[in-house]
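Using the sequences and the hints, build the whole thing.
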Amino acid sequence: MPFGRRNVLLALLAIGAIVPAFANGYQLFVCNLVAIYILLAIGLNILVGYAGQLAFANAAMFGIGAYATGLLQVHLGWPFWAAFPSGGLIAAAVGTLLALPALRMSGLYLALSTLAFAQATQWVFLHWENVTFGAGGFKTPHLSFAPLPVDKSVGLYYLSIVLVVLLYLFGRHVVTSRIGRAFVAVRDSEVAAESLGIDLLRYKALAFGISGFYAGVAGGLYSALLNFVAPEGYDLFQMIIQKSTIVVGGMGSIAGSVIGASIIILVLELLREVKGMQEIAFGALLVGFVLFMRGGLIAVLRRYVRGWEEPLRMTPRDQAQALAQPEARPSAADK
Amino acid sequence: MFAAAFTASAATAQTPGVTADTIKIGTFGALTGPGYLYGKLPMNGVEVVFDEINKAGGINGRKLQLVREDDRCDPTAAIGAVKKLVEQDQVFAIIGGGCSNATFAAKDTLEASKVPTLIFASVHDGITIPPAANIFSTATTSTIESQAQLAYAIEQGAKKIAIISMRDSWGRARYTPLMEAFKAKDIKPVADEELSPDANDATAQVLRLKAAGADAVLLLLYPKPAAVFIRDAQKLGFKPLSLGQTGIADPAAFEEQVGVPGATANFRTISQVRYTPEDPKMDKWRKLVEAKFPGDRLSVYNLFGIGSAEVLVEALQRAGKDLTREKVIDAFANLKDLKTEVYSAPITCSATDHRCNKGPAWMAKEPGGPIKVLGFTVVGQ
Amino acid sequence: MLLFSYLLMSGVTTGALYALVALGIVVVNKATGVINFAQGEFFMFTGFVGWMLHVQFGLNYPLSFLLAVAVGFVLGMLTDRIAFRPIAKNDIVSLVLATVGIGFILKGLARVIWGGKADYLSFPPITSPDPIMVGPLMVIPQQLAVLAGTIIIMLVFAAFFRLTRAGKMMQATADNARAALLVGIRTDRIYTLAFGTGAAIAAAAAVLTAPLTLLYPDIGFAFFLKGFAAAVLGGLTSLPGAVLGGLIVGVAESLAGGYIHSSVMELSPFLVIMLVLVLRPSGLLSFRKARRV
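Chains as they are written, first to last, in our numbering: chain Z, 1 to 335; chain P, 1 to 381; chain Y, 1 to 293.
Everything labelled a hint here was simulated from the structure, so no lab data went into it. Beta carbons are placed, not taken as given, at the ideal position from N, Cα and C, and that holds for glycine. Keep in mind that the hints are not guaranteed to be accurate.
Rough simulated footprint, nothing fancy, chain Z against chain Y, three-plus residues with beta-carbon under 8 Å [claimed, not checked]: (1) 19-28; (2) 237-243; (3) 276-285.
Some chain Y residues well away from chain Z (every beta-carbon gap over 12 Å; in silico) [claimed, not checked]: (4) Leu3; (5) Val55; (6) Ala145; (7) Ala231.
For lysine-lysine, the following DSS-like pairs were computed, each having C-alpha atoms within a straight-line distance of at most 30 Å [stated by the list, open to error]: (8) Lys327(P) <-> Lys339(P); (9) Lys287(P) <-> Lys55(P); (10) Lys117(Y) <-> Lys365(P); (11) Lys117(Y) <-> Lys287(P); (12) Lys292(P) <-> Lys275(Z); (13) Lys188(P) <-> Lys159(P); (14) Lys183(P) <-> Lys139(Z); (15) Lys159(P) <-> Lys239(P).
And the structure:
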């Protein structure tokens, strides 16, 4: 494969792998957060960028993953290594259920009903105190990586990196497979997709389930990182951050999710320097990104990094534009 | 950014945050988002105290420097803020803690860092119980206030006590100890309603409390929903004894917010500070805050920071010229009967109890009249 | 019965508030197809401006009202220019995020300018604060003013859309932007007008209700959420639908709180929405066009 996406990502991975060697506790914490948000962004991008489902429930899935992982440990005494994958699966299952309303609605109506679901989930976290401990949240048991002689923060960080690599590859595989093509067909035209024999329910459920799984896994890691689970942090502000990661990175691009998540989290930390002006700066950055980087950073990278290919990248709008311009580059869209 | 941090951490071999002429103090809390009242405003108060100390020559010749970090009232951001303060900004001590859940989430990080920490606004009991060696609090904790509320209601002869609370972590931090206080006295609340922090209408809640025949209502609410509640109660002819807590620490501002004349006649509240912002004794602080932060008005939240900073300054002074973190922690643990300019009760910490402010003052305001301090309730536990 | 009447009354007055927010959302959406996620912040910001004019600078109420509405209109126009016009052809998530960004900027500005003045700013009521009797019910006159204001605003805009040329042009643009261009409608001006009007409605709502709601930089989002829910409930392109949606959300909240328990109040609007959207996915009053295959 020519120089391009793979090399840039490998470079990032290399940097990521040696971070614990020279970072202080704060920087390690931030890098671990980046890994978690990368997982969230990949899952969300599969759902929104590829399958075209305008869903606002990902933050709730994130929360469900975190709560499930934590509560299985606290209430049932399960070890982290059992609770963690279960948390991911539970979130995936709940996500799949959301495919049902997605069948009847699209666009803004789907957005609202998933938003309603997210609010309902927050309400449950807050009010089902016997199980979720309510507003005060609960502390999760400390994670130990015994028998490996590894400090908890470093161990968790490497676990996150490993998961990011695995789930990135899985995501790429899904997206370049039949399933991915079916997703894009559903996104571009449900009617045409159905007439080609694509079962909408099956593929929507798959999309919701996959993104739910990614969010659930991210949630489990998050609960271990903070050692604490509480209803804050899975609300609409969280959803906005997640949407920002995929818009900034580039919708419909797995690699874009990696870059977008890294940028947004790093920006949020860098904004600490602006103290009280954070909200203004964040808002301005959002507007700026959307205005000046159509298609996200991936679009910029495609132009400047030789051989950067993206599967199934073009949206109908892009296609129309490409057709309209006579000197359209023979880009990956035709792949 | 990485390289700078690397060289910085290699350079400070001696006590971090202390140089020959400065002491770096960190603070974390919400600078943005709804919790900013408990973060930014107390921090402003802290800065004003530091300015005064610096004008007088500093502490043992060292000037105080405040480094602020935003936690957006979010647990993750709080952990990040504390880590940054300790590991990157290399502060000597920390004064801060706004939103309850955020501070509670950061407790482990604070404890592990061994940095002397003074909490100025968070009320969550888990922060101080069990006590961490280096964490002290000048905020009256929710247990103390909830017990005080119930005790006062009973003292005033109420027979049917009801509760109305917010469901967030702040509200729950007060609700749980309140229910335990009820159980300890072997009584049950006659009604237990919930009100959202952004509520604009409390008709349903008022009607249910009225139907239950409550003669006293304990408000576990921020000023806005409390104002909505009192206003709607007045409208519906329901006038029980209404007891607030330090979340509603300024009866004069509250009366203005309720906006219905006479509605606050039966309202009493607790304050961790002995004066309200309009009190002439607070003129000095008013001038300083309004000069440093143009456009701002002295508020009770500034006073939380001012009081807490006074305690921090005292501990720093007692630790002496040869400043180490252990000495400051020791100084905190041995504070006894420290009188401050703003707190109601003298500040006392101990090795086993790091809740240093246990004497909130009850206040009432005659509608249209002056504020009266009704007395203090010192709760033992 | 009295309990029910009080709950109904309170639900209707809160519902009128949500309806006003929903109206602003629908006006913009009708013309541009975009949901302005900053609508709540427009409401909050112009409320503060109104406070500044009336309480700080001492201007009289009608003048403060008009100036605040003017400021709202300008805010809307700026949003159109900055966050909509350049990216009108982007995907919807980007458009939403752009308006979210504007919302953050306004919220941060409000916090910096007015945040330190008090925890919640109160606005003196325009009517006497003493409750009056309407039948067997005691009502706060300001609430009646809000109700009346909502109805007037709705009627004014209904007339605007039906009767004026500009209104009809807005409807045409909403229906089919390309066709509108073909018949010579300056669609970009229509977009500006739509955003400006939506923000002006938010400003009118804010100043009208400011005596009832205490001002605080973060009140915007809660209103937006309920307003958005109400707008979708009514069908995103129907003005009377927005009002109906708002009233339903308000009343559902109030009745649930009164008859079940106050803890379900925060949840009930969303339960209602999920129910309605499952049964009637395009909202109550909008008629979904049959999908062309």
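Practice task
Identify every previously stated hint that the structure contradicts and give their numbers, smallest first.
Solution key: 1, 2 and 7
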